[in-house]
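**Student:** This is what each chain is made of:
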Amino acid sequence: MAAQQISAEKLAAALQWARNLQQPAPVSPHHERAVAELWPWLAPLSIRTALEVGAGEPPYLTARILREHGINTTTLDGLSDCDVQADMHDLPFDDNSFDLVVGRHCLEHVLIPYLALMEMQRVSKRWLLVVVPWLSEKAVNWPDHLHAYVRTGWEQMFVKTGLHVVRFEEGDHTEQYALDNGLWADREWRYLLEKEGV
Amino acid sequence: MDTTLVCEGAVMTLSDNISAALDWARESDKEWHSTGVHARAIGNLWLFLEPLGIQSAIEIGSGAVPSPMSEMMAAHGVAYIGVDVLNGPVQADMHDLPFDDDAFDIAVSRHSLEHALIPYVALREMMRVSRRWLLVVLPEDTPRCPDSPGHLYVMGKLGWENVFRRLGLEVARYEIADISDGIYQGEWIWLLSK
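Residue numbers (numbering that gives the first Met the number 0), protein chains in the order written: chain A, 0 to 197; chain B, 0 to 193.
Since the hints were derived computationally from the structure, they do not count as laboratory data.
What you are looking at is a predicted structure, and each value in this text was computed from that prediction instead of being measured.
None of the hints are false.
Ranges between beta-carbon positions, derived for each pair:
hint	chain 1	residue 1	chain 2	residue 2	range
1	B	Gly167	A	Asp93	34 to 44 Å
2	A	Gly170	B	Tyr183	24 to 34 Å
3	A	Asn140	B	Asp101	26 to 36 Å
4	A	Gln175	B	Gln90	55 to 65 Å
Glycine included, every Cβ here is placed at the ideal spot set by N, Cα and C.
Taking the hints into account, I'd like the entire structure generated from these sequences.
**Tutor:** Pasting the structure below:
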């Protein structure tokens, strides 16, 4: 099929609109607890290099844990002061640059999750770790969540971008106060994904 | 397209990867064939449109015309234009509609937004060319929905309503209709106002 181009100006306006909605997310203890639970998933995979997209700001979360375990980790974010400042839709790395690419609570923030996922898939040699919020009223109403899907919605997106699910878990990152008082639950869907044909 | 964007300090080159992704999304789509079940469902959509007093409509992802949608509009005296990147009377991508702002009374999408690579952009275009109304129909997230190769987005009802709200669209009316063809399948119908 002949390539049909769409207006770069309209796309730029939409990307800017989506970026303007985004807010900085400070590192919080309840997310630290959730990230610590992910290390046992990664320990057996012999990972030496990793990229975290949407890494946020120093001191980081996932990237910090990866570095503590001796993994050479690059952090990337569109807004903050990371190793690499770039947009998730266009990662400035060669194909197969990292053993692992991590995207934790970031795919729901980008305008084109398919494109971000394709880019993550492209620069990874084999493994992806993707964490997204579960589908709740609270997650949907969160000010900068552009995407809120049912589980099958995320999972078919993985399949269509050439990934398969190796491991899934519904985890929790509710803050202690809410947990203790049964106020609300912040849960998350955690996926370890592997590129097809590796 | 080869444009460098500078947004919030991050430079993004929209050259190859966005075009490749758009091509990939179009390739994953097959020509859509309307069935009798769909024709009945489309006929019933007039109940949503009748009170609005609309005189002109654009449908994105229309497929070939004449279609049940074009015939339904014609039967009620509404001037109708269909747009489809594959086989529409106007061949254009729904991410970039070749029409002026406020060119139509209503913009309709029936079982097409879930095929777009960037539903946010397609909806922004629908909002731009419509004076006020949008009619959006999407398949319910039953187990068969993600299996369709052209269905890029299976959000669930909450997820779609989140998208509408983010764009400043208000739900004027909502219903679920049965479009089962032996296996259960529903469709969500939203009448939205800018």
